[in-house]
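Asker: Here the protein sequences come in this chain order: A and B. Using the numbering used here, you'd call the opening residue of the first sequence number 1 and step up by one each time. Using the numbering used here, you'd call the opening residue of the second sequence number 1001 and step up by one each time.
Just so you know, the hints here were simulated from the structure itself, not pulled from any lab data. As the structure is a prediction and not an experimental result, all values here were calculated from the model. Cβ coordinates follow ideal geometry from the N, Cα and C atoms, glycine included. Where hints are given, some of them may not hold.
Stated by the list, open to error - A few chain A residues that face chain B, going by a derived Cβ cut-off under 7 Å, partial list only:
#1 Gly-27
#2 Arg-35
#3 Phe-64
#4 Glu-67
#5 Arg-68
#6 Gly-71
#7 His-74
#8 Pro-103
#9 Thr-107
#10 Trp-110
Unchecked claim - Using 35 Å as the maximum straight-line C-alpha spacing, the simulated DSBU-like pairs for lysine-lysine come out as follows:
#11 Lys-80(A) <-> Lys-1284(B)
#12 Lys-139(A) <-> Lys-1107(B)
#13 Lys-1147(B) <-> Lys-57(A)
#14 Lys-57(A) <-> Lys-1062(B)
#15 Lys-139(A) <-> Lys-1284(B)
#16 Lys-45(A) <-> Lys-80(A)
#17 Lys-1503(B) <-> Lys-57(A)
#18 Lys-1374(B) <-> Lys-1284(B)
#19 Lys-57(A) <-> Lys-1374(B)
#20 Lys-1374(B) <-> Lys-45(A)
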Amino acid sequence: MAKPKDKKNKNKKSQATSTTNHSPEVGWETYSLDRYAHDLVFQRKELDNEVLNQVHKMRSTVAFGLERFWGEQHRLDGDKAAYWRAMWHTLATILQDAGIALPNDATNLWEFDQNHRKIALAILTQLCDCAIWWTQRYKS
Amino acid sequence: MDADRVPLAFRAQIEGRCQVQRINPDLKGDDAAHNQAYIWVKEWLRGALQDAPEFPEGVKTKEYEISWRFVTNSGQDDSIIRPVISGTGCPFYPGSSMKGAFRRACKSVFPQRILQYCGGEVVVDGTRQTQPGILRFHGAYPVNHWKDKSDLVDLVHPQQNWQVEEQAAHSAFFMMSLFQPTLRFGISSNQPLSETEWAEIWQVWETALGYGIGSRVSAGYGHVMDSTVPRLLSIRLRGEGLISRRVNGDGEFRPNLFKAALRGHTLRLLGGVTTAEIAQTITKRLWGGFAGRDGSVMGELGVAFRCDRRQLDEGPQWFTLHEGQLDILLLNVRDEERRQRLRTFVIRLIKFSMMLGGFGKSWRRASHRRFFSKKKDYRRDIGCHWEFLGRELGLYQPFRNLDDIRRYFVRGLYQSMQDWVMQDEGQRLDVRGANWREAWHPDRIQVWARFDDDMEDAISTALDWFHQEQDSLSHRSIKQTHLTGKLNQVGRMWQRMYPWYVKRDGRLIWRGFIEFVTIFPDLNATGDNLAIQQDFLQFLDEVSEFDRVW
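Pulled out of the complex, with its shape left as it was, chain A reads as follows:
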């Protein structure tokens, strides 16, 4: 989490004029990935394994990039789709806090600034890892 954070701050500065940013210019910003992940998992801890296991699939899908991840909420339905959508919205929220607007369709995802894309993927990876950790805790 530390690495992307450095980059984030750089990007934040470069975009400071065009985005609303409530975080202080200096100092530690946690972005609370672990808490977001916990909340996502906690809300679903009573659902069946089919849904709980989605989070492992999310983690493996990250390797294929943002579009594959984004698409799953549209391919699946019911609780599964809702889970992917929630994860996607969480990612968008976190990126927004960092001053990055996450696109929400295939075309714009590939036109997304390359540095921002790298940051988004790094955060998504970490977010999924956290969610997997919490899933294991609540499962047992």
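Based on the hints, put chain B in the right spot on chain A.
Answerer: The following block gives chain B in isolation, referenced to the frame of chain A:
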């Protein structure tokens, strides 16, 4: 970056972006090769190395040739079945799967060595501990030219609903599987072992291979050429028929056609004596299948087909198989008595398939090449013809006269299906049977037969009715009626030329053919359909050479 130039693997699996498994109905003929599955494979191969990675030093290896197709579902793409692909792009069989298969085989070959080879839990001083095994399973890579092949794109076509039960929507899907790969498997040990013991370890592995590895083994995928699996039955056959087509137009003789036929007939026959639900449950127990949310059921029986490729002529439309061996495998049956009973059941099923059905595409008709009266007059190949070979001639049911046939249908088929449901499966019967179009129920089926003693140049009588327009005194045209079926509509008749044998002094003697016509009359027919149906049945009864035998 242009989103439309992104390789398919990286796109969202939704309509408009990437649907590899979907067959695009708009792409016909030569364009069919533009289906996304073919593009996906091209993109995969572009980045993949041809050469299999080498196993580390000290790993013992052995190569085996897969008799037909092989697939290990990676599970990574939810919407499509595709092989596990290694970092270099080479498909592989994971070591973990190999270990699972080995462990299962070891149970039957050397049960007391499972702990030593594969590890497990042991109790030391009252506490449970995990003990590692001495063997490491490295999985397998294809070592032949798998990458040069254009046939990685495979088709799955679940047809049961469409053919047996009702004319429900049916669709085929793409999947990716390797075509006749030679696989190199690796096993290592953390202790030095004697050559004798290595031979025994490979013996265990060959047992595992005998059951088939990877997915869809019960349909004939993942079987090796020379297997040592427990076989319930091996049947030598020859046959001819329409060749299956891949979507891009290439032909492929697909051994899974046998499983499809046997499974379908199991449903039909059981559906005649019990409820739809019970018939389906029993069929799943026997042949495996999907059980909804509970995942899939592994059946007791599997099918593998082997033939020397030189025995198979594959033409653009038609295949002729001079000799092949159909193996019915026992996949998961410990009980000897059950095995014996299954054997009786399967023999009955195969006799029935040969007598009234056939195997492969267009199985509802006899081969027009062989039995149509004006062989040159039709433009399209239709039908199929199969015969037993060698010792398996004993599977032909000998008939002297019509009463023999009638007795066979009652005692040999209908009553024995009732017995199977009640005695072997402990389920109840239902006099109404399943409400399926082709359930084998006396109220829904008529079988008509005629003996033909022409041995060399036998000609079908019924095929003319399907193809000729004109009626005459001895001829009734049912061309393009609801009875014969049309494109995308399964007809209500089967027609078969069954080799006619009689038994004399305990020996089977060939006398010619019996032509069978099986009809599933439409009980809800109205108007024209009803008139045609009644008219035709009356014609069969009063004018034709056929007699009703069931």
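Asker: None of the hints should be skipped; say for each whether it holds.
Answerer: Structure-based check of each hint:
A least Cβ separation of about 35 Å between Gly-27(A) and chain B goes past the 7 Å threshold, and the interface hint is therefore violated. Interface restraint check for Arg-35(A): the shortest CB-CB distance to chain B comes to about 28 Å, outside 7 Å, so the restraint is violated. Residue-level restraint check for Phe-64(A) holds (minimum Cβ-Cβ distance to chain B is 5 Å; threshold 7 Å). A cut of 7 Å between beta carbons decides the hint on Glu-67(A): the least distance to chain B is about 5 Å, and the hint holds.
This hint holds: Arg-68(A) has a C-beta 6 Å from the nearest C-beta of chain B, less than the 7 Å allowed. Among the interface hints, the one on Gly-71(A) holds; its C-beta lies about 2 Å from the nearest C-beta in chain B, closer than the 7 Å criterion. Interface restraint check for His-74(A): the shortest CB-CB distance to chain B comes to about 5 Å, inside 7 Å, so the restraint holds. For Pro-103(A), the interface hint is violated, since its Cβ never comes within 7 Å of a Cβ in chain B; the closest pair sits about 11 Å apart.
Interface hint status for Thr-107(A): upheld, as the beta-carbon distance to the closest one in chain B is roughly 4 Å, under 7 Å. Checking Trp-110(A) against chain B by beta carbon gives a least distance of about 4 Å; that is within 7 Å, so the hint holds. Proximity of Lys-80(A) to Lys-1284(B) is assessed by CA-CA distance (about 28 Å); at most 35 Å being required, the pair is judged to hold. As the CA atoms of Lys-139(A) and Lys-1107(B) are separated by approximately 32 Å, the hinted pair is consistent with the 35 Å bound.
With a CA separation close to 28 Å, the supplied pair Lys-1147(B) and Lys-57(A) stays within the 35 Å bound. This hinted pair checks out: Lys-57(A) and Lys-1062(B) have alpha carbons roughly 34 Å apart, not beyond 35 Å. The straight-line distance between the Cα atoms of Lys-139(A) and Lys-1284(B) is roughly 32 Å, inside the 35 Å bound, and the hint therefore holds. Restraint check for Lys-45(A) and Lys-80(A): the C-alpha separation of about 13 Å stays at or below 35 Å, so the hint holds.
Taking the CA atoms of Lys-1503(B) and Lys-57(A), the gap is about 63 Å. The hint is violated against a cut of 35 Å. In summary, the hint linking Lys-1374(B) to Lys-1284(B) is not supported, as the alpha carbons are separated by about 43 Å, beyond the 35 Å threshold. For the hint pairing Lys-57(A) with Lys-1374(B), the CA-to-CA distance comes to about 60 Å; that exceeds 35 Å, so the pair is violated. A C-alpha spacing of about 70 Å is found between Lys-1374(B) and Lys-45(A), which places the hinted pair above 35 Å, so the restraint is violated.
Violated hints for the displayed structure, listed by number in ascending order: 1, 2, 8, 17, 18, 19, 20.
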